[in-house]
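Trainee: Going line by line, the protein sequences match chains A and B. Numbering of the first sequence is given in our numbering, commencing with residue 1 and proceeding in unit increments. Numbering of the second sequence is given in our numbering, commencing with residue 114 and proceeding in unit increments.
The set of hints was computed from the structure by calculation and includes no laboratory data. We treat Cβ as the ideally placed atom computed from N, Cα and C, and that holds for glycine. Do not rely on the hints blindly, as some may be mistaken.
Here are the computed lysine-lysine pairs in the BS3-like style, where the Cα-Cα straight-line distance is at most 30 angstroms [what the hints assert, rightly or not]:
#	chain 1	residue 1	chain 2	residue 2
1	B	210	A	9
2	A	57	B	115
3	B	155	A	83
4	A	99	A	14
5	A	57	B	210
6	A	83	B	115
7	B	180	A	83
8	A	9	B	169
9	B	155	A	99
A few chain A residues that don't get close to chain B, going by computed Cβ distances all over 10 angstroms [to be verified]:
#	residue
10	19
11	24
12	43
13	52
14	69
15	92
16	102
17	104
18	105
Which stretches of chain B does chain A cover? Using the computed rule of at least three CB atoms under 8 angstroms from a CB of chain A, they are [unchecked claim]:
#	segment
19	153 to 163
20	206 to 216
Listed here are the chains, written in short residue letters.
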Amino acid sequence: DGGITQSPKYLFRKEGQNVTLSCEQNLNHDAMYWYRQDPGQGLRLIYYSQIVNDFQKGDIAEGYSVSREKKESFPLTVTSAQKNPTAFYLCASNGQATKNIQYFGAGTRLSVL
Amino acid sequence: QKEVEQDPGPLSVPEGAIVSLNCTYSNSAFQYFMWYRQYSRKGPELLMYTYSSGNKEDGRFTAQVDKSSKYISLFIRDSQPSDSATYLCATPNRDDKIIFGKGTRLHILP
Numbered sequence: 001d002g003g004i005t006q007s008p009k010y011l012f013r014k015e016g017q018n019v020t021l022s023c024e025q026n027l028n029h030d031a032m033y034w035y036r037q038d039p040g041q042g043l044r045l046i047y048y049s050q051i052v053n054d055f056q057k058g059d060i061a062e063g064y065s066v067s068r069e070k071k072e073s074f075p076l077t078v079t080s081a082q083k084n085p086t087a088f089y090l091c092a093s094n095g096q097a098t099k100n101i102q103y104f105g106a107g108t109r110l111s112v113l
Numbered sequence: 114q115k116e117v118e119q120d121p122g123p124l125s126v127p128e129g130a131i132v133s134l135n136c137t138y139s140n141s142a143f144q145y146f147m148w149y150r151q152y153s154r155k156g157p158e159l160l161m162y163t164y165s166s167g168n169k170e171d172g173r174f175t176a177q178v179d180k181s182s183k184y185i186s187l188f189i190r191d192s193q194p195s196d197s198a199t200y201l202c203a204t205p206n207r208d209d210k211i212i213f214g215k216g217t218r219l220h221i222l223p
């Protein structure tokens with residue numbers, strides 16, 4: 001089955017710790033995105049990548065980092081510089097033929113211990 | 114003015130009722146509009162995709178775009194408890210980034 005896989009489903013972070021959220025897709029999509037979702041805030045774009053080895057900051061990139069070494073993978077690291085990391089994180093992707101439609105993974109819920 | 118605005122609800126309706134969910138947008142150049150459904154603790158899934166003005170129907174769901182008033186709607190007929198979810202409208206802006214509404218929480222009461 002084609003789709004986007006995010007792992008883990010739940011993640012806990014200690015103070016001062018970096019954590020990495022995984023996002024893998026087998027849709028052969030070029031573009032991948034990371035969003036943060038907070039209650040009442042909607043989806044806010046953290047980072048996006050339209051091609052391997054290239055990525056751009058979104059609206060709330062501070063405290064986060066990404067890499068895009070493979071087309072299928074776009075991991076997000078939440079660094080210790082992100083002071084309010086508790087949120088639901090969503091990864092999405094889209095292909096050239098359907099660039100207006102983003103497909104989402106099931107999300108990772110990050111909480112601070 | 115935000116690019117896409119959506120009433121967060123919650124909206125509670127009895128089973129079998131017709132549901133109307135709405136968004137407004139600010140830029141008359143927007144042409145593509147999407148509705149996503151998001152169940153609790155899940156990722157959004159694409160429900161409807163429309164281009165320009167008019168109606169698009171898919172089963173119990175109808176998406177409507179009124180470009181003159183910059184208003185988009187999603188109608189759900191014969192609503193079911195399984196329709197209880199958050200519904201997000203979305204549109205790509207001129208930078209090809211997708212702008213999402215904040216979502217409307219819908220509860221269908223059995």
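Trainee: State for each hint whether it applies.
Mentor: Now the hints, each set against the structure:
no.: 1; hint: B:210 - A:9; result: holds (26 angstroms)
no.: 2; hint: A:57 - B:115; result: holds (20 angstroms)
no.: 3; hint: B:155 - A:83; result: holds (24 angstroms)
no.: 4; hint: A:99 - A:14; result: violated (37 angstroms)
no.: 5; hint: A:57 - B:210; result: holds (12 angstroms)
no.: 6; hint: A:83 - B:115; result: holds (26 angstroms)
no.: 7; hint: B:180 - A:83; result: violated (41 angstroms)
no.: 8; hint: A:9 - B:169; result: violated (35 angstroms)
no.: 9; hint: B:155 - A:99; result: holds (22 angstroms)
no.: 10; hint: 19; result: holds (19 angstroms)
no.: 11; hint: 24; result: holds (14 angstroms)
no.: 12; hint: 43; result: violated (4 angstroms)
no.: 13; hint: 52; result: holds (18 angstroms)
no.: 14; hint: 69; result: holds (23 angstroms)
no.: 15; hint: 92; result: violated (8 angstroms)
no.: 16; hint: 102; result: violated (6 angstroms)
no.: 17; hint: 104; result: violated (4 angstroms)
no.: 18; hint: 105; result: violated (5 angstroms)
no.: 19; hint: 153 to 163; result: holds (count 7)
no.: 20; hint: 206 to 216; result: holds (count 7)
Checked against the numbered hints above, the structure breaks hints 4, 7, 8, 12, 15, 16, 17, 18 and satisfies the rest.
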